[in-house]
Amino acid sequence: MSKTNSGNFFEDFRIGQVIAHATPRTVTTGDIALYTALYGSRFAVQSSDAFAHQIGYSKSPVDDLLVFHIVFGKTVPDISLNAVANLGYADCRFLAPVFPGDTLSATSEVIGLKENSNGQTGVVYVRSRGFNQKGAVVLDYVRWVMVRKRDPKSPAPAEVVPQLPRALAPDQLGDALPVIDVRKYNFDLAGSKHRWGDYLPGERIDHVDGMTVEEAEHQLATRLYQNTAKVHFNQFSEGHGRFGRRLIYGGHVISLARALSFNGLGNAFHIAAINGGRHVSPLFAGLTVFAWTEVLERAEIAGREDVGALRLRTIATKDQPCAAYPLKEGDAYHPSVILDLDYWALIPR
Amino acid sequence: MSKTNSGNFFEDFRIGQVIAHATPRTVTTGDIALYTALYGSRFAVQSSDAFAHQIGYSKSPVDDLLVFHIVFGKTVPDISLNAVANLGYADCRFLAPVFPGDTLSATSEVIGLKENSNGQTGVVYVRSRGFNQKGAVVLDYVRWVMVRKRDPKSPAPAEVVPQLPRALAPDQLGDALPVIDVRKYNFDLAGSKHRWGDYLPGERIDHVDGMTVEEAEHQLATRLYQNTAKVHFNQFSEGHGRFGRRLIYGGHVISLARALSFNGLGNAFHIAAINGGRHVSPLFAGLTVFAWTEVLERAEIAGREDVGALRLRTIATKDQPCAAYPLKEGDAYHPSVILDLDYWALIPR
Amino acid sequence: MSKTNSGNFFEDFRIGQVIAHATPRTVTTGDIALYTALYGSRFAVQSSDAFAHQIGYSKSPVDDLLVFHIVFGKTVPDISLNAVANLGYADCRFLAPVFPGDTLSATSEVIGLKENSNGQTGVVYVRSRGFNQKGAVVLDYVRWVMVRKRDPKSPAPAEVVPQLPRALAPDQLGDALPVIDVRKYNFDLAGSKHRWGDYLPGERIDHVDGMTVEEAEHQLATRLYQNTAKVHFNQFSEGHGRFGRRLIYGGHVISLARALSFNGLGNAFHIAAINGGRHVSPLFAGLTVFAWTEVLERAEIAGREDVGALRLRTIATKDQPCAAYPLKEGDAYHPSVILDLDYWALIPR
Numbered sequence: 001m002s003k004t005n006s007g008n009f010f011e012d013f014r015i016g017q018v019i020a021h022a023t024p025r026t027v028t029t030g031d032i033a034l035y036t037a038l039y040g041s042r043f044a045v046q047s048s049d050a051f052a053h054q055i056g057y058s059k060s061p062v063d064d065l066l067v068f069h070i071v072f073g074k075t076v077p078d079i080s081l082n083a084v085a086n087l088g089y090a091d092c093r094f095l096a097p098v099f100p101g102d103t104l105s106a107t108s109e110v111i112g113l114k115e116n117s118n119g120q121t122g123v124v125y126v127r128s129r130g131f132n133q134k135g136a137v138v139l140d141y142v143r144w145v146m147v148r149k150r151d152p153k154s155p156a157p158a159e160v161v162p163q164l165p166r167a168l169a170p171d172q173l174g175d176a177l178p179v180i181d182v183r184k185y186n187f188d189l190a191g192s193k194h195r196w197g198d199y200l201p202g203e204r205i206d207h208v209d210g211m212t213v214e215e216a217e218h219q220l221a222t223r224l225y226q227n228t229a230k231v232h233f234n235q236f237s238e239g240h241g242r243f244g245r246r247l248i249y250g251g252h253v254i255s256l257a258r259a260l261s262f263n264g265l266g267n268a269f270h271i272a273a274i275n276g277g278r279h280v281s282p283l284f285a286g287l288t289v290f291a292w293t294e295v296l297e298r299a300e301i302a303g304r305e306d307v308g309a310l311r312l313r314t315i316a317t318k319d320q321p322c323a324a325y326p327l328k329e330g331d332a333y334h335p336s337v338i339l340d341l342d343y344w345a346l347i348p349r
Numbered sequence: 001m002s003k004t005n006s007g008n009f010f011e012d013f014r015i016g017q018v019i020a021h022a023t024p025r026t027v028t029t030g031d032i033a034l035y036t037a038l039y040g041s042r043f044a045v046q047s048s049d050a051f052a053h054q055i056g057y058s059k060s061p062v063d064d065l066l067v068f069h070i071v072f073g074k075t076v077p078d079i080s081l082n083a084v085a086n087l088g089y090a091d092c093r094f095l096a097p098v099f100p101g102d103t104l105s106a107t108s109e110v111i112g113l114k115e116n117s118n119g120q121t122g123v124v125y126v127r128s129r130g131f132n133q134k135g136a137v138v139l140d141y142v143r144w145v146m147v148r149k150r151d152p153k154s155p156a157p158a159e160v161v162p163q164l165p166r167a168l169a170p171d172q173l174g175d176a177l178p179v180i181d182v183r184k185y186n187f188d189l190a191g192s193k194h195r196w197g198d199y200l201p202g203e204r205i206d207h208v209d210g211m212t213v214e215e216a217e218h219q220l221a222t223r224l225y226q227n228t229a230k231v232h233f234n235q236f237s238e239g240h241g242r243f244g245r246r247l248i249y250g251g252h253v254i255s256l257a258r259a260l261s262f263n264g265l266g267n268a269f270h271i272a273a274i275n276g277g278r279h280v281s282p283l284f285a286g287l288t289v290f291a292w293t294e295v296l297e298r299a300e301i302a303g304r305e306d307v308g309a310l311r312l313r314t315i316a317t318k319d320q321p322c323a324a325y326p327l328k329e330g331d332a333y334h335p336s337v338i339l340d341l342d343y344w345a346l347i348p349r
Numbered sequence: 001m002s003k004t005n006s007g008n009f010f011e012d013f014r015i016g017q018v019i020a021h022a023t024p025r026t027v028t029t030g031d032i033a034l035y036t037a038l039y040g041s042r043f044a045v046q047s048s049d050a051f052a053h054q055i056g057y058s059k060s061p062v063d064d065l066l067v068f069h070i071v072f073g074k075t076v077p078d079i080s081l082n083a084v085a086n087l088g089y090a091d092c093r094f095l096a097p098v099f100p101g102d103t104l105s106a107t108s109e110v111i112g113l114k115e116n117s118n119g120q121t122g123v124v125y126v127r128s129r130g131f132n133q134k135g136a137v138v139l140d141y142v143r144w145v146m147v148r149k150r151d152p153k154s155p156a157p158a159e160v161v162p163q164l165p166r167a168l169a170p171d172q173l174g175d176a177l178p179v180i181d182v183r184k185y186n187f188d189l190a191g192s193k194h195r196w197g198d199y200l201p202g203e204r205i206d207h208v209d210g211m212t213v214e215e216a217e218h219q220l221a222t223r224l225y226q227n228t229a230k231v232h233f234n235q236f237s238e239g240h241g242r243f244g245r246r247l248i249y250g251g252h253v254i255s256l257a258r259a260l261s262f263n264g265l266g267n268a269f270h271i272a273a274i275n276g277g278r279h280v281s282p283l284f285a286g287l288t289v290f291a292w293t294e295v296l297e298r299a300e301i302a303g304r305e306d307v308g309a310l311r312l313r314t315i316a317t318k319d320q321p322c323a324a325y326p327l328k329e330g331d332a333y334h335p336s337v338i339l340d341l342d343y344w345a346l347i348p349r
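Heads up: the sequence lines are chains B, A and H, in that order. Mapping to my numbering: the first sequence position 200 is 200, numbers consecutive. Mapping to my numbering: the second sequence position 168 is 168, numbers consecutive. Mapping to my numbering: the third sequence position 154 is 154, numbers consecutive.
Hints are computed from structural coordinates only; laboratory data are not their basis. Warning: the hint list may mix true and false statements.
Same chains, same label: a pair holds when it works inside one copy or across any pair of copies.
[As the list claims (entries may be wrong)] Straight-line Cα separation of at most 27 Å, DSS-like style, residue types lysine-lysine; simulated pairs: (1) K3 <-> K149; (2) K59 <-> K184; (3) K59 <-> K134; (4) K230 <-> K114; (5) K3 <-> K193.
Construct the complete structure from the given sequences, taking the supplied hints into account.
Okay, here's the thing in structure tokens:
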């Protein structure tokens, strides 16, 4: 029996199966410094302990996407080592703030299985959860991936496809954000005067700036998350592969787009939920990422007067500035589009 | 009204105007680790809590230039987003030590305005200040930049050009350095036997080593400082620009030269003031930085027997070793010179 | 007299001489985050304070190899600045755990000298020791390097060649590992079910994955360790040198191989000793590192029922997957081999 992990294949998954993932990970101010160096994020609440404390946190919480990437990274060796494609995310909620010193661990429960008609692969749906050291759930999301079968002849399992919401409802948002004192939220220091009420559904915002990605950067990021997906690190193998190059972790694009979105969304400091996300096309080192956002909805959160929710659709592109809001060409995505992300952000009222 | 920051243009500035910059930033040991990884600095006081504590600090202070870069980065979105050129620094003093856990914020006051005769641009002089979370000034400096006008037809403001000192006087130095116990300063551990009295005005020191800069490195550094100047990050745009390449943040060169200067100035662990600095020519990734220093002056600091001041002129070059102290060719700088920096460093007596 | 360090030459070393190296260094969670980002290491004990605390540590100890690299880096300016070649290591033991906040310093004692017959160089043997801020030895090892003579005509010293053990004995292992509570060691969270008893002498493990190295990555790593060896950083000089390129620090390869070895050795979380190591051929940026391991011995540690020792030989290669365990071609190493490392790792029983 081999001592190395060859990952799970489609027939290894069973409905209801719960997998406890390795490796637990203490998040530190060191991780936060690296996250800042990798993306240049500037949200005041995550950047300044003093600012965060002023409005009601004990200190700066860890950036939501850093939490996401760490939890996601843990699921890779068990869920997606033999994945052909990462098909989607849904029903993703941030449920408790994470602070430096907290230790994150993760589990995944298999909630759907559907063999593909070719008999070579199947789709696995998992609900993954991230926990802190006290056992509190900090993150909960569904993802589905196409996974290879070990043996094409093994029988297909009963088909189970979970019902997934197109979007979280506003009353499901806000658990990870303590009630804040907006009177003490300094909009000058935050870098934007715009509040919840200033954004309108249908409004589109070009985030203006572009960020070129280097191989060393995405490798540092992806290893920081202890994400072991082979395609990100191994030029020797990928050089013989489909693209001839290392693929950049899709989450790296999400974090770049989010950091760029500060320019226009400076007070939308907390991601409360991700409704869905699609990595439309791959990104490679040397290309420059741009982003723009459309406001899809504006919602109150019942019982909260401090913050409101904006449902945002952020599009990231490669080597394509976004002043013209590139998205589709006919029915297909514009060839520059790499990310189409639908999420809820919270912002002071 | 656009929600994105398009920066200030020349006619947006008024004499006496004070700008509170975003984003406050808590400095951590994570930032310090990255700073070490980026430059390889080896000054014992900043490297070892035990060494710093031994001589009288509570623990290691944050490197002076890391403080400078973070404060400088905050000023960029308001002062120099539309700058054509960063013309100079002067009257820069470090006024209080910064420790991990401190939160830095920054303001700038407009102290000078002078429209250029072409009517297209003007020079803006600002006094920028960095503060810690208690409101104490930790850094105070003047910089002037050439900024584009939004509308060449807008009227020129009354010309105000501040008087700036050629250099700080020795009695203005040392506020950020507590009195240290030199008997407990271990010169073996510090890596150099040379004290204040061992340096002579006119003495020149070749710092010997060279350091090649990679794109990923300067991007990580500049994002760590939350400096948003576009020219450092966007190969797509810069590829069509003047140089065809991303420009490296001038402060990256200062930090490289400072780290190289450890070899020859190992005990000059604190920068007390920057008298002036000029980025003589641009640096690009792939080039190797070398440095040499001339001792301009040696000064006592009134009332202090622990340390003295050395006024230093450090020259950095690209792809040019400094054994021959390259500086000028006739009246012009030697083409290899990228930095000409005049500063005061403090060193045990 | 020059103020810069030109390093020691062969005739500067004397048997019995003890050198206190600069620069003391406080290790922080920032360094640990960078170490994770550079190698992607996933050993649970070093990754999670909660996991480490559960089994008996106060919190996560610093990765053994990070300790090694920091101590090693300190010795470079005094021992190997004029080295022609780093010939070997032996008798290396980790003697006390290091935690974030500890300050490391280092000394070396000259224990052997042997001039080469060409009169141009000689071999220097040093025993280097790393200490924490309380003066406890955390690391002790012998290394020998070939160093240039300043003057080929200077007389040869009396030849002293130390006797070095081929391997540490099992009863010399374990000082840096507190007795752990194996019942509380969660093998699911650790990512492997395999214990000491599951490994057999002669067993070979292909670690499967490959990791491509970028210039920015090895430079960041080597500067993080404050290692000043010129060949790693200066493309201008190395471009004219033997390889035309920057050489990657051998320790970077050791850490890459160790991180890759998690896949197959996930519970062997502590390196107790390094019996010997050889950097068989150089690594350059752009190449991909693979690794495999042979179990050489399995040993009990007297008085300990919690952990046992595995003597491991880890081979790292460049651009050569290790499914076929590449090692020798006839009497010579396979041309892909870059590292041959013999060490003791401890693992729960």
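### Violated hints, by number in ascending order, as checked against the structure
Going through the list in order, the structure violates no hint and respects every one.
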